[in-house]
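Visitor: As you go down the protein sequences, you meet chains Y and U in turn. Each residue of the first sequence is one higher than the one before, counting from 10 in the numbering used here. Each residue of the second sequence is one higher than the one before, counting from 10 in the numbering used here.
Any given hint could be a false lead.
Repeated chains share a single entry, so a pair holds when one copy, or any two copies, can fit it.
[Stated by the list, open to error] List of simulated lysine-lysine pairs, DSBU-like, C-alpha gap at most 35 Å: (1) K32 with K15; (2) K47 with K174; (3) K33 with K174; (4) K47 with K176; (5) K88 with K56; (6) K51 with K168; (7) K32 with K88; (8) K68 with K56; (9) K15 with K33; (10) K174 with K68; (11) K56 with K32; (12) K56 with K33; (13) K171 with K15.
In case anyone wonders, no lab produced these hints; they're calculated from the structure. Predicted model only: the values in this text are computed from it and were never measured.
Number of protein chains: 2
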Amino acid sequence: MNFSSKLIEEAVQSFASLPGIGKKTALRLVLHLINQDKDTTKEFADKILNMRNHIQECKICHNISDAETCSTCNDLRRKREVVCVVEGIRDVMAIEDTGQYRGLYHVLGGVISPIEGVGPSDLNIDSLLERIQEHGIEEIIMAISPTIEGETTTFYIAKKLKNSKVKISALARGIAFGGELQYADELTLGRSIATRVPYQLKV
Amino acid sequence: MNFSSKLIEEAVQSFASLPGIGKKTALRLVLHLINQDKDTTKEFADKILNMRNHIQECKICHNISDAETCSTCNDLRRKREVVCVVEGIRDVMAIEDTGQYRGLYHVLGGVISPIEGVGPSDLNIDSLLERIQEHGIEEIIMAISPTIEGETTTFYIAKKLKNSKVKISALARGIAFGGELQYADELTLGRSIATRVPYQLKV
């Protein structure tokens, strides 16, 4: 593309360096900003710079946070003896969106993956073990993806906690709500028969 | 979505205020920036702010420009007696990308549209007539969309130039290169038969 303007070209390249944004989309965004007044762009840039400069990692749960400890860890109405262990911050958001969970979190920052060179020491596992030992945690819920790497991570953590009294649970797996049986994959369907639950009549 | 962080929420809203970017995409962009170091975000914001604060409108052709007059108007190798009249700056980019045109441009900034309240005085028409009168322009190429509004605009300008010696031409219309006849719309196909051109044998 021929921008015939160094300023435009650089701004387009900046937007296009973001994931999922191509040069055409980037140009559309730049032209949009040009059509707005200068204050709009200033506000846009300020908000993003402000976020990047002040965002921190919660020193308890390693979730992103506006302060030293995050709003979830600071919330005294939440159950402090249950910790949900997740891979990343998007998982925290997904679980929070359900509105079903009132405990705390622990963000590992990934899963153990020898192929990608990620070992236990690269993840926030030590701080999890420390939290369990020192803060009277009764249950950890392993909300980790059911991949080989995820299962390995869960196994590693469970083994480390062998001599601890903490209860370890995993997310229930089965047919999704609204999903039709005929479209469920064999593994999920097979497992959901094997791990069937008593039918509860709600009146 | 529950961000549990004011900083993240504001940055997501900033990205989501751009056209074609929803909240989920905005969150992905914000998380991408968090995963990069602070300098990356600073550079990103700087480039965009710099562009918005220093971009100007060329005072000759009204295209976007890094200086008072744009690089096209300043380019002495271009034919100064031919001016291509377009609606917007994206049209200039599209024509420049063809590499087929070596004249100058004039950006109208839109087309006459009574429904949207756009009259001739809202467009850069007066400055076009002035340019034609004062700078010895021999030909203007009306590269305007073939919509009712576009045709009206072309008609208006042509009428204003009735007593001028300037030659007015329009873009050739017809079957696109690589297009199959059976998929061409009837209007285009009909017109391209009516305006057929002599076959030129190239050896």
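Visitor: Reference check for the pair K56 and K33, CA-CA at most 35 Å: within, between, both, or neither?
Guide: both (24 Å within a copy, 17 Å between copies)
Visitor: Evaluate K15 and K33 at a C-alpha cut-off of 35 Å and name the case that applies: within, between, both or neither.
Guide: both (16 Å within a copy, 31 Å between copies)
Visitor: Tell me, please, which holds for K32 and K88 at an alpha-carbon limit of 35 Å: within, between, both or neither?
Guide: between (47 Å within a copy, 30 Å between copies)
Visitor: At most 35 Å between alpha carbons: which applies to K47 and K174, within, between, both or neither?
Guide: Close neither inside one copy (59 Å) nor across copies (41 Å); limit 35 Å.
Visitor: For K88 and K56, with the copy left unspecified, which applies at a CA distance of at most 35 Å: within, between, both, or neither?
Guide: within (33 Å within a copy, 45 Å between copies)
Visitor: With identical chains, the pair K32 and K15 could be close in the same copy or across copies; at 35 Å between alpha carbons, which is it: within, between, both, or neither?
Guide: both (15 Å within a copy, 30 Å between copies)
Visitor: Quick one: K56 to K32, C-alpha cut-off 35 Å, is that within a copy, between copies, both, or neither?
Guide: both (23 Å within a copy, 15 Å between copies)
Visitor: Treating 35 Å as the Cα threshold, decide for K47 and K176: within, between, both or neither.
Guide: Classified as neither; 56 Å inside a copy, 39 Å across copies.
Visitor: Given identical chains, is K171 near K15, meaning Cα to Cα at most 35 Å, within a copy, between copies, both, or neither?
Guide: For K171 and K15, the Cα distance exceeds 35 Å both inside one copy (61 Å) and across copies (39 Å).
Visitor: Given identical chains, is K68 near K56, meaning Cα to Cα at most 35 Å, within a copy, between copies, both, or neither?
Guide: Classified as both; 24 Å inside a copy, 33 Å across copies.
Visitor: Treating 35 Å as the Cα threshold, decide for K174 and K68: within, between, both or neither.
Guide: Within one copy, since 24 Å is at most 35 Å while 77 Å is not.
Visitor: 35 Å Cα cut-off: does K33 pair with K174 within a copy, between copies, both or neither?
Guide: Classified as neither; 56 Å inside a copy, 39 Å across copies.
Violated hints, listed in ascending order, are 2, 3, 4, 6, 13; each of the other numbered hints is respected by the structure.
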